[in-house]
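2 protein chains.
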Amino acid sequence: MGDAIRARRHALKMSQEALADASRINRTHMGEVERGKRNMSIIAVMAVASALGCSLSELAGDAKL
Amino acid sequence: MGDAIRARRHALKMSQEALADASRINRTHMGEVERGKRNMSIIAVMAVASALGCSLSELAGDAKL
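Chains as they are written, first to last, in UniProt numbering: chain S, 1 to 65; chain Z, 1 to 65.
Chain S on its own, in the form it takes in the complex (with noise of 0.2 Å):
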């Protein structure tokens, strides 16, 4: 999941804090969400993908889970 985070803000060119606050997660946990590092709960996946412009769906289906 954290691949299809990265891919999806970097073709927005947006930077990992803007993310992190867009979404309001902690700035330390988004970089450990996009290492695969932290197992996010689905409310705060569903904040990243809408802040990314997309579904929790559509992020998913990037990161064929």
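Please keep in mind that the hints were generated in silico from the structure rather than gathered at the bench. Nothing here was measured: the structure is a model prediction, and the numbers come from that model. Any given hint might turn out to be false.
Since the list can't tell identical chains apart, any single copy or any two copies may satisfy a pair.
Cut-off 20 Å, straight-line C-alpha distance, at most; resulting in silico cross-link-like pairs (SDA-like, lysine to any residue) [unchecked claim]:
| hint | residue 1 | residue 2 |
| --- | --- | --- |
| 1 | K37 | C54 |
| 2 | K13 | C54 |
| 3 | K64 | T28 |
| 4 | K64 | G53 |
| 5 | K37 | R8 |
| 6 | K64 | D21 |
| 7 | K13 | E58 |
Given the coordinates of chain S, assemble chain Z onto it according to the supplied hints.
Showing chain Z alone in chain S's frame:
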């Protein structure tokens, strides 16, 4: 997400207990999940999707998330 899980479970004629066991999730928690009272982790929802024979992306799509 809870409604989508319940709908797929019913379609498979699977009991809530059987789904909880197949997903390695506490049976009480599974009831709360289906009632939308529990914010699951991505890994837990992936286990439920797998037990239902679908992907996280498909389940999220069912739930319009």
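These are the hints, each one checked on the structure:
1. K37 / C54: Answer is neither: 22 Å inside a copy and 24 Å across each miss the 20 Å cutoff.
2. K13 / C54: within (15 Å within a copy, 32 Å between copies)
3. K64 / T28: neither (25 Å within a copy, 29 Å between copies)
4. K64 / G53: Close inside one copy (18 Å) and across copies (15 Å); limit 20 Å.
5. K37 / R8: Cα proximity of K37 and R8: one copy only (18 Å, versus 30 Å across).
6. K64 / D21: The answer is neither: 26 Å in one copy and 24 Å across copies each exceed 20 Å.
7. K13 / E58: within (19 Å within a copy, 28 Å between copies)
Of the numbered hints stated above, those contradicted by the structure are hints 1, 3, 6, listed in ascending order.
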